[in-house]
Amino acid sequence: MRRRIPRTTLHRRVTAAAALVLTAGLLSPLSTAAAADDPVPVPISDHCEGQCADILPPGANGSATLAEILGNKLFGTQPAHADDQLGPYDALSSGYPALTDDTLTNFFNDSSFGVPDDQVGSVTRPRDDVTITRDKKNGVPHIKGSSRYGTEFGAGYAAGQDRLWLIDLFRHIGRGELTSFAGGALANQGLEQEFWPQAPYTEEDLQKQVDYIKSSGGERGKQAMEDAQAYIDGLNAYRVKSKNGRYFPGEYVLTGKIDAITNVGEIQPFKVTDMIALASVVGGLFGNGGGGEVDAALSLLKSQEKYGVEKGTEVWESFRGRNDPEAVTTIHDGTSFPYGTKPKDARGQALPDKGSVEGEPLVYDRTGSAANESTKAVAKDPVKAPKKLKPLQGMYDDGVLPADLFTDSASKKGMSNALLVSGRHTASGHPVAVFGPQTGYFAPQLLMMQELQGPGISARGVSFAGVGMYIQLGRGQDYAWSATSAGQDITDTYAVQLCEPGGGAPTKQSTSYMYRGTCTPMEKLEKKNAWSPTVADSTAAGSYRMQVFRTKYGIVTHRATVDGKPVAYTALRSTYRHEADSIIGFQMLNDPSYVTDAASFKKAAQHISYAFNWFYADSRDIAYYNSGSNPVRADGVDMSLPVKGEQAYEWRDFDPADNTAAYTPPAEHPNSTNQDYYISWNNKQAKDFTAANFSLGAVHRGNLLDDRVKKLTAEGGVTRASLTQAMEEAAVTDLRGEQVLPEILKVLRSKPVDDPQLAKAVQQLEAWRKGGAQRNQTSAGSKTYAHPDAVRIMDAWWPLLVEAEFKPGLGDSLYTALAGELSIDEAPSAGHGPTGSHAGSAFQYGWWGYVDKDLRSVLGQPVRGKLGAQYCGAGDLGACRDALLASLANAVAKPATEVYPGDDTCKAGDQWCADTIVHRALGGITHRSMQWQNRPTYQQVVEFPSHR
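Mind the numbering: the sequence shown is residues 101 to 1048 in the numbering used here, read in order.
To be clear, the hints were calculated from the coordinates, so they are not data collected in a lab.
Accuracy of the hints is not assured; some may be wrong.
Said to hold, decoys possible - Taking lysine to any residue pairs in the SDA-like style, the calculated list, with each CA pair at most 25 Å apart, reads: (1) LYS343 - THR224; (2) LYS444 - ALA734; (3) LYS308 - GLN647; (4) LYS787 - VAL963; (5) LYS966 - ASP445; (6) LYS787 - ASP445; (7) LYS608 - ASP453; (8) LYS744 - PRO756; (9) LYS237 - LYS308; (10) LYS487 - ARG346; (11) LYS236 - THR203; (12) LYS490 - THR177; (13) LYS851 - GLN647; (14) LYS442 - LYS851; (15) LYS787 - ASN759.
Claimed, not checked - Okay, the calculated beta carbon distance ranges per label pair: (16) ALA979 - PRO842: 18 to 24 Å; (17) SER222 - GLU815: 43 to 49 Å; (18) GLU866 - PRO995: 43 to 49 Å; (19) GLU473 - THR611: 36 to 42 Å.
Yeah, the Cβ is synthetic: ideal placement off N, Cα and C, and Gly gets one too.
My request is simple: use the sequences and hints to build the entire structure.
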């Protein structure tokens, strides 16, 4: 039985700004704690009893005046509470082996509710009905309101105090206006050109989404929008006060918004539609999934071209790995949750004709510094800066964010991990959880830590800055929750047949298409941006116009011919036009009268529409639910490849007016309660739940967690400290060294290695593997690894090894196409992840599973879900060994200066520095680098000893 959501009810959606919306008919009655009239609040109780902890580096304070920015640049000083969580977070990498429950607070904050009287650092009362109390240690805002409006007003005010510049920055990113706001740096151009086509909206579109929640969300929807308005009112109150008081963020001066001497200028007022724009950014980064079907089709055609249709399809499917039987899964008890299964006889496929695919142009009418399209250089025209601002000149010349921040978004940039163990296997008999979102490292962080206490709200944790009316990941009075990006396929590609309104012959450039038998004009959406040089960004004046075409089947991404007829390929995301519908879900998660146990938590999570894995722990239960608006596809449609844009192949009950459809019912989503343990690191959810991309194979970073937690659970007596140790050990381990190197060494050792240099290299690799294959300092502050030569060899060798193993068999063309689908490597020192280089997150996407399967096959070991052929040495062990040794010789010859070429942070050849985490500065404050850890940015360690 599939659920149909009518247009007259609120469609389920989620972003990091919003979480679940129930249809009017499904909405539970609004509890007294969530009613529009302020009720008597549910008494605040804290059942953690000192056993909940959290951390979010670098610090709570993400705002700095111009004087503070200058102090940081000239003298290295930090604003209060800007970096006081960086040290404890960093120290865990060296301190975890000796960790105990009693020493956890050396590395985490006590996340108990409230602030003890002797720990109060400051108290702000922006209204009579709310106080913002900040603790001495970390400066976290604890917001307590006597009215609902006051509580949310306080949340907005505190957000202004801690993240005003960041919120302003991201609302402009969400609107596709980054260059106009922050400057025309190439990275800024690239970022807005990547993001805006994914979520292009007019102001009317944004307002319509606000109105939709108000009109279709029942009482909870109305309350949510009242909360949102109160939050915006508080944010605007701080905006005005800080401007008038001249303690606003200094970035407004450096980007030419406000004159430092006269105070002339303005911080533009915030409005509720800004939250929709912000929500689209967060959802696009962390909650999307699927898409890319045109590229998949091209790689399939390359395989068919090499091997023939039947064999080529078989080979391609083996690399695609829709349901790899060897993939690590979150639900590991064998329960099947079929989704997106490849149809036996696919219908409506729309594969492009060879050589016909063209990307859709985006940028037009270039002027000034944008006149010549370039990805390497842009004209500079530095302004004459006052002497005191000279040290800050050009701080945004390389952009405020990486240009590829949104490239493939969540489906290609892994976020977050979770480890939960049932009370049946813990020392206390209560569940233990260590979990959090891996959202990259920024200064300030995208996330903001806070506590909210008011009528209908009782929670502590983090929210994405600018949409923090509710805690999005954190803890309630007797429960905690977190999420990981799931990335399942909620985006499809349609091939719409092009036409000419007058009946003429269409071309690939035609701007009308056939929709249900009628030649229909595409809707043109435009965004015009212009910039001038500022102190912060020296890019010379320039401008351009971005343009996309929108159809009822989504946004045009490519043009091609199919069977000789011109088509436009469009991307349709199930959450498009519904960026903030899910706000009610976070409202529920923060409501102590709604979430009372695992069942009510899962009930809430069922209505989150972005692709997330949700985890829950209280004193009795652990639970898991995979959320997402998974569209019900027409029979015979293969979601992994483009499909014809015809009614027969549309999503069930598809209504383009508001982009609604039928969605798979909650019971069909991977979900579980009280499994012995759960792990998630953006891995496969469950048996038969089809992977949205090529990455969920036989070796995954999830194996680093699963192996350790499985062992802990089997031994029993799990504690908060031992589960944290398992997380941290995985966080400093090289996936290739632990999971794939053993097979590689078996091949190499199948005969004695005679060459002395290669024999030494093999011995070094073996010693590293035996020592745990770690990339961790020998001791705190040593800045060197225990096996630096082995790590260098592996970093140099892996891409050479993969090429030597696969390229001869696949051929240049197919190898290149498959490498485009799944990157070869993702080592810590490589440029990847949400912040580019020095990103922390690593080892999610790579060919480790392919290498592992192929070498086991060559070695004659059992392999489930084999590749379509044997590639290393064409299946001959001796030839395979020779190929690997030849590539190893090339790797050994590479000096450290070539393997680690250096950048603005590190000297060439500095291995440890190349791996380090650097908080990408979004504003004027920078921080020291940290030892590499593949770990959540915000992290909780929880064990509730009691329940309401």
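Okay, the hints, checked on the actual structure:
1. A threshold of 25 Å between alpha carbons decides the hint, and for LYS343 with THR224 the separation of about 17 Å falls inside it, so the pair holds.
2. Distance check on the hinted pair: LYS444 and ALA734 sit about 14 Å apart at the alpha-carbon level, within 25 Å; holds.
3. Only pairs whose Cα atoms come within 25 Å are accepted, and LYS308 paired with GLN647 is accepted, the gap being roughly 21 Å.
4. Between LYS787 and VAL963 the CA atoms are separated by roughly 17 Å; this keeps the pair inside 25 Å, and the hint holds.
5. Restraint check: the Cα-Cα separation between LYS966 and ASP445 comes to about 22 Å, which is no more than 25 Å; the hinted pair holds.
6. Of the pairs offered as hints, the one joining LYS787 and ASP445 holds, with about 22 Å between alpha carbons and a cut-off of 25 Å not exceeded.
7. With a CA separation close to 13 Å, the supplied pair LYS608 and ASP453 stays within the 25 Å bound.
8. Restraint check: the Cα-Cα separation between LYS744 and PRO756 comes to about 16 Å, which is no more than 25 Å; the hinted pair holds.
9. In summary, the hint linking LYS237 to LYS308 is not supported, as the alpha carbons are separated by about 43 Å, beyond the 25 Å threshold.
10. Restraint check for LYS487 and ARG346: the C-alpha separation of about 20 Å stays at or below 25 Å, so the hint holds.
11. A C-alpha spacing of about 20 Å is found between LYS236 and THR203, which places the hinted pair at or below 25 Å, so the restraint holds.
12. As the CA atoms of LYS490 and THR177 are separated by approximately 18 Å, the hinted pair is consistent with the 25 Å bound.
13. Restraint check for LYS851 and GLN647: the C-alpha separation of about 60 Å exceeds 25 Å, so the hint is violated.
14. A threshold of 25 Å between alpha carbons decides the hint, and for LYS442 with LYS851 the separation of about 42 Å lies outside it, so the pair is violated.
15. Between LYS787 and ASN759 the CA atoms are separated by roughly 30 Å; this puts the pair beyond 25 Å, and the hint is violated.
16. Separated by about 21 Å at the C-beta atoms, ALA979 and PRO842 satisfy the suggested range of 18 to 24 Å.
17. At about 46 Å, the CB distance of SER222 to GLU815 agrees with the hint of 43 to 49 Å.
18. In this structure the hint that GLU866 and PRO995 lie 43 to 49 Å apart at CB is violated, the actual value being about 22 Å.
19. Checking the proposed 36 to 42 Å range against GLU473 and THR611 shows it is violated: the Cβ atoms sit about 23 Å from each other.
When each numbered hint is compared with the structure, violations occur for hints 9, 13, 14, 15, 18, 19.
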